[in-house]
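J.: Residue numbers (my numbering), protein chains in the order written: chain G, 1 to 341; chain F, 1 to 341; chain P, 1 to 341; chain V, 1 to 341.
Worth double-checking, as some hints may not be accurate.
Given that identical chains are not distinguished, each listed pair holds provided it fits within a single copy or across any two copies.
[Claimed, not checked] Derived pair list, reagent style DSS-like, types lysine-lysine, alpha-carbon separation capped at 27 Å:
1) K62 / K169
2) K295 / K62
3) K255 / K331
4) K224 / K261
5) K139 / K224
6) K153 / K268
7) K268 / K255
8) K96 / K169
9) K330 / K224
10) K255 / K96
11) K109 / K295
Hints are computed from structural coordinates only; laboratory data are not their basis.
Keep in mind that this is a model prediction, so the values were computed, not measured.
Number of protein chains: 4
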Amino acid sequence: MTLNSLSFHESREIDVIPMGRIAIDFNSNEIFRPMEETNTFTKYIGGSPANIAVGMARLGKKVGFIGCISDDQFGRYALNYFTNEGIDTSNIAVDKSGAPIGLAFTEIKSETESSILMYRDNVADLKISPEYISEEYIKNAKVILISGTALSKAPSREACFVAMEYAKKHNTLIVFDIDYRPYSWKSLKEVSVYYSMAARMSNMIIGSREEFDLMEALVCPESKSDSVSANTWFAYNAEILVIKHGKEGSNVYTKNGDVFKVRAFPVKLLKSFGGGDAYASALLYGLMEGWELEKSLEFASASAAMLVASHSCSAAMPTAHEIQQFILDKKDQNLDIVTQY
Amino acid sequence: MTLNSLSFHESREIDVIPMGRIAIDFNSNEIFRPMEETNTFTKYIGGSPANIAVGMARLGKKVGFIGCISDDQFGRYALNYFTNEGIDTSNIAVDKSGAPIGLAFTEIKSETESSILMYRDNVADLKISPEYISEEYIKNAKVILISGTALSKAPSREACFVAMEYAKKHNTLIVFDIDYRPYSWKSLKEVSVYYSMAARMSNMIIGSREEFDLMEALVCPESKSDSVSANTWFAYNAEILVIKHGKEGSNVYTKNGDVFKVRAFPVKLLKSFGGGDAYASALLYGLMEGWELEKSLEFASASAAMLVASHSCSAAMPTAHEIQQFILDKKDQNLDIVTQY
Amino acid sequence: MTLNSLSFHESREIDVIPMGRIAIDFNSNEIFRPMEETNTFTKYIGGSPANIAVGMARLGKKVGFIGCISDDQFGRYALNYFTNEGIDTSNIAVDKSGAPIGLAFTEIKSETESSILMYRDNVADLKISPEYISEEYIKNAKVILISGTALSKAPSREACFVAMEYAKKHNTLIVFDIDYRPYSWKSLKEVSVYYSMAARMSNMIIGSREEFDLMEALVCPESKSDSVSANTWFAYNAEILVIKHGKEGSNVYTKNGDVFKVRAFPVKLLKSFGGGDAYASALLYGLMEGWELEKSLEFASASAAMLVASHSCSAAMPTAHEIQQFILDKKDQNLDIVTQY
Amino acid sequence: MTLNSLSFHESREIDVIPMGRIAIDFNSNEIFRPMEETNTFTKYIGGSPANIAVGMARLGKKVGFIGCISDDQFGRYALNYFTNEGIDTSNIAVDKSGAPIGLAFTEIKSETESSILMYRDNVADLKISPEYISEEYIKNAKVILISGTALSKAPSREACFVAMEYAKKHNTLIVFDIDYRPYSWKSLKEVSVYYSMAARMSNMIIGSREEFDLMEALVCPESKSDSVSANTWFAYNAEILVIKHGKEGSNVYTKNGDVFKVRAFPVKLLKSFGGGDAYASALLYGLMEGWELEKSLEFASASAAMLVASHSCSAAMPTAHEIQQFILDKKDQNLDIVTQY
């Protein structure tokens with residue numbers, strides 16, 4: 001039996017506070033064609049930490065959020081959406097300088113080819129400033145989850161580090177979702193510098209192999225190996241590392257030496273994004289429920305599979321019951337989702 | 001009989017070159033509700049000078065364009081659209097710095113209440129630089145039409161003035177469509193400075209009463225009268241002034257002393273924007289055809305009426321035949337559209 | 001007899017309002033060596049329009065100023081200096097954003113080789129905004145003198161155009177001192193655009209042949225001829241053109257057809273700058289005194305000669321009596337300073 | 001006997017690499033008056049890490065430097081000066097974007113009242129980028145000394161963190177000289193975030209009590225006590241903390257529990273700055289020589305006293321022999337400079 005190595009402050013009011021961007025996704029209704037030829041779009045809440053917030057709220061967790069939205073119809077839409085999902089919006093700032101909320105227009109050319117056209121100039125989410133961060137809010141939470149994109153630019157970057165300082169001070173666990181997006185960053189060395197600073201402070205780190213390589217470019221540039229990554233960050237505060245390898249699934253390391261291989265449930269893919277956010281929220285849910293790591297990982301993989309088969313990244317987030325039902329439905333296929341090494 | 005006072009270089013290859021922004025309009029499919037509650041959007045080409053380009057191409061004119069688009073799916077969509085409409089795209093730059101094309105999300109709350117949510121941060125259209133302007137291109141055109149929004153920021157501002165210098169040098173007529181939008185401008189005095197510079201160089205000026213007031217804030221701040229405006233700008237290069245008064249219609253002045261009142265055709269309004277672009281393109285068409293001003297104005301008013309009754313600002317631009325048919329259909333109502341004073 | 005072609009509003013309180021930068025010059029005390037090897041510097045007021053202000057104050061004229069200085073010791077030094085010279089400082093703004101006053105470190109390598117090391121980043125003088133310009137102040141002056149460098153960047157650029165609009169409205173004469181400096185400008189086309197706009201509004205234009213070429217790059221790029229320049233700008237508001245040809249002296253054109261060649265008085269040169277500011281102030285003084293143009297030009301040339309032989313550009317500005325004495329002293333040399341063609 | 005707790009890689013080629021700004025000081029020759037009334041200035045090399053470099057070179061150490069200078073006469077002056085002092089300039093970048101070297105005009109109103117007028121807009125020193133940092137150079141040094149001002153803005157901030165990552169990787173000791181200057185920083189929380197990141201990585205930290213308070217504003221805001229500071233940073237990599245208390249002298253803590261009080265030698269003050277840089281270089285010299293901490297601190301205090309009695313911050317840096325002579329001269333006064341608690 002593998003015990004899950006994170007220990008949560010059970011008495012705290014808020015389960016998790018994702019921190020970072022809330023965006024609007026415009027998903028084209030006509031799929032399997034280039035965006036030059038699509039005509040209509042449906043709007044959804046998007047942005048990795050926002051998706052995770054919705055994901056965890058659907059799973060019944062008490063979810064807060066630290067972020068910044070635009071002072072317009074889209075910003076109000078986002079607030080309403082969160083409120084309806086039961087997410088606490090008391091720590092979401094409204095930018096008064098006219099900064100817009102970020103947009104993501106998705107293009108699904110085929111089952112495997114998809115891309116995103118981003119509107120991220122002067123976005124509201126990167127306007128959140130250190131002064132806005134409430135020490136009290138973070139002190140009342142079990143976990144804060146930092147999205148790496150929030151580190152890409154001042155003042156959001158410093159706001160994240162302030163939040164992490166408060167989290168360390170009050171033993172709020174830090175989950176670092178590397179979530180690398182090239183826009184806003186000025187250089188790859190800048191990425192390495194701030195990602196490694198965040199990683200040193202974090203209790204759990206989630207990212208793709210490529211994201212770990214970026215992060216480790218200064219510290220251990222030659223490695224590109226999951227076990228070296230694990231050793232590197234376990235030397236600081238990390239307890240669990242999740243390293244994703246695309247279609248190959250993910251490898252999960254714990255500080256006490258366990259290693260798991262997690263495979264994807266076979267589903268008919270609609271799009272190639274959104275799965276990671278479902279995975280993160282379901283994994284964190286499992287750990288918070290006190291489940292063993294194996295069980296949590298299977299649950300995470302199931303949620304990810306359900307997500308990539310649907311049209312949105314937020315509205316399609318499943319409930320715990322739906323995920324369990326999905327796993328039951330797949331049981332007879334004798335799938336080998338999680339293996340311990 | 002009132003002769004139209006502009007004389008066009010008949011031998012020139014291109015009829016008109018609008019200069020300024022090409023944008024993408026996202027019109028909500030669900031109307032008569034706030035944007036917080038709309039779910040799907042249909043995309044169209046937008047931006048006042050782009051709409052005018054489409055309008056004049058539909059009317060059979062040879063249309064060029066000077067502008068700058070994004071190097072992405074939306075930019076290519078715009079180029080394809082123009083090409084399909086028969087508009088020459090040889091002088092449309094493609095920005096290589098990652099600037100996005102502007103977006104306009106329309107919100108139609110009721111027949112009279114509508115608003116536009118703009119994405120104009122770092123937009124490609126304002127990136128056009130003086131170095132890009134081709135003297136030869138302008139020399140080959142009868143008319144360039146400058147959209148005032150293109151004056152709102154460097155380097156597009158200077159690019160416009162360079163284009164106007166070339167136009168003056170080669171006797172290409174300049175139409176100035178004031179087209180004021182508050183974003184991008186830094187102060188109202190800045191607006192007055194550059195609008196009056198452009199107005200002094202222009203042969204025809206089109207704008208609302210409010211736009212003329214803004215433009216004249218330094219020169220004759222107290223006036224706010226159409227006849228003072230006419231005297232002010234006729235002292236320079238202007239030959240025709242079109243001053244719009246919202247639902248009251250527009251007043252049109254010519255340097256040789258004629259004054260016309262133009263009323264709107266009664267139609268069931270769908271939205272309150274786009275009519276001005278149809279008006280400008282149809283009026284310019286009439287003048288280029290050598291029609292008398294009265295006839296041209298009635299034609300312009302008809303095109304505007306057709307536009308405000310439809311869902312888009314570009315795709316709905318009518319052909320000459322359609323406008324004539326619309327006028328014929330209204331004939332029995334004994335409407336008094338154009339009156340000379 | 002050639003009458004001077006400018007007519008001044010004799011009743012107005014202020015003779016001249018230069019507009020543009022006030023800077024601090026640091027002139028190296030050790031001369032004829034590269035700046036890498038100089039150790040001590042003496043500080044003076046500098047900046048072309050500031051020098052002209054001091055020049056005209058020394059000549060007994062009532063001088064105002066429109067500009068912006070830093071809120072620090074150097075800014076206060078400049079204000080004190082102006083006050084002591086009798087210059088009205090009521091329209092000099094004090095920047096509150098922390099912008100520094102510009103600095104110019106001079107390097108005199110030899111009698112003919114000298115250079116200036118500039119500190120112009122974020123300078124206070126370019127922070128003057130359109131809102132600061134007082135219509136009343138300009139209305140009370142005979143002449144405003146615009147330094148071309150003040151056109152190089154917003155908001156100073158727009159402030160100048162607002163001042164020129166007010167000047168035109170109230171028949172205050174506009175002298176345009178092209179005064180081109182490459183820093184702050186973004187492109188040569190930008191220079192041409194704004195210089196030609198300013199030139200069209202001006203009653204007198206002063207500049208070197210190279211500066212006229214820059215200004216005319218759009219309007220008549222091929223010319224580079226003084227008589228073409230004269231014809232170009234006399235078509236608008238200009239009455240007098242002063243075109244400088246370095247050591248060859250200057251050519252002066254008037255709208256009524258007179259042409260003068262002005263040579264330099266022979267003196268032992270100490271530095272190669274500052275002469276132009278002395279020339280401009282002495283010429284304007286002569287014209288304001290109602291002198292014929294010939295006499296004014298000889299006076300201007302004398303003042304310029306005195307300046308280039310001294311260590312500073314402001315403190316060394318001569319009085320009218322000193323200039324007349326200088327001319328008398330040179331009389332026996334039978335010099336031929338001003339020739340009419 | 002107190003052993004000094006830092007251990008240096010004796011075999012390494014370079015003793016110390018200060019990193020940060022090189023500036024030019026303009027010290028007024030006329031003292032004891034406001035700068036509005038000073039006329040001449042003498043120029044010197046300045047900037048805290050540059051002064052320390054000169055200080056250690058004078059003490060016979062092998063000194064490198066990581067920084068960025070302007071591509072002009074002042075930049076070349078700085079390079080020449082360093083070369084003449086025997087400092088290795090191979091890792092000093094020359095900015096090609098036109099950024100100026102920083103200037104500091106000193107104003108000495110009285111023995112106790114002095115101020116500095118800074119020119120730091122767009123300065124070259126903050127342009128050093130992560131890409132410029134040589135891992136090899138840092139690997140060959142015993143110590144790098146990071147000036148806190150170099151953390152105030154990108155890309156210099158990231159360049160410093162890259163240098164610190166390389167230092168940690170190769171066991172090059174890191175000395176962090178907090179050196180807080182308000183300009184360039186955007187907020188006090190930003191200061192705390194980056195100062196505490198740097199402090200966690202550093203082996204020795206030097207700053208005033210106010211600087212430690214700033215740095216600890218997130219971590220232990222209420223403390224403001226030297227022993228709390230010591231405990232805070234000894235929990236990471238720090239071995240020695242120097243906390244300055246102005247005229248009261250400084251308190252020095254070591255990780256193994258020693259605490260020293262260091263007083264100032266009595267001298268006739270000429271100016272109130274520069275002493276700290278002499279102190280830092282002499283202290284580091286003593287430690288590198290293998291001296292006990294007491295002896296090193298007395299030596300540091302002596303060097304500081306010599307500096308504040310002279311006109312410059314770099315040219316006046318003493319040799320080891322001069323410092324020893326100064327201490328001998330003061331011996332008969334029975335001064336109690338260093339006391340252990």
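J.: All hints are to be evaluated individually against the structure, with a verdict given for each.
T.: Consistency of the hints with the structure:
no.: 1; hint: K62 / K169; result: within (22 Å within a copy, 41 Å between copies)
no.: 2; hint: K295 / K62; result: within (21 Å within a copy, 60 Å between copies)
no.: 3; hint: K255 / K331; result: neither (30 Å within a copy, 59 Å between copies)
no.: 4; hint: K224 / K261; result: within (17 Å within a copy, 49 Å between copies)
no.: 5; hint: K139 / K224; result: between (36 Å within a copy, 23 Å between copies)
no.: 6; hint: K153 / K268; result: neither (37 Å within a copy, 48 Å between copies)
no.: 7; hint: K268 / K255; result: neither (35 Å within a copy, 60 Å between copies)
no.: 8; hint: K96 / K169; result: neither (31 Å within a copy, 39 Å between copies)
no.: 9; hint: K330 / K224; result: neither (34 Å within a copy, 61 Å between copies)
no.: 10; hint: K255 / K96; result: neither (44 Å within a copy, 46 Å between copies)
no.: 11; hint: K109 / K295; result: neither (35 Å within a copy, 49 Å between copies)
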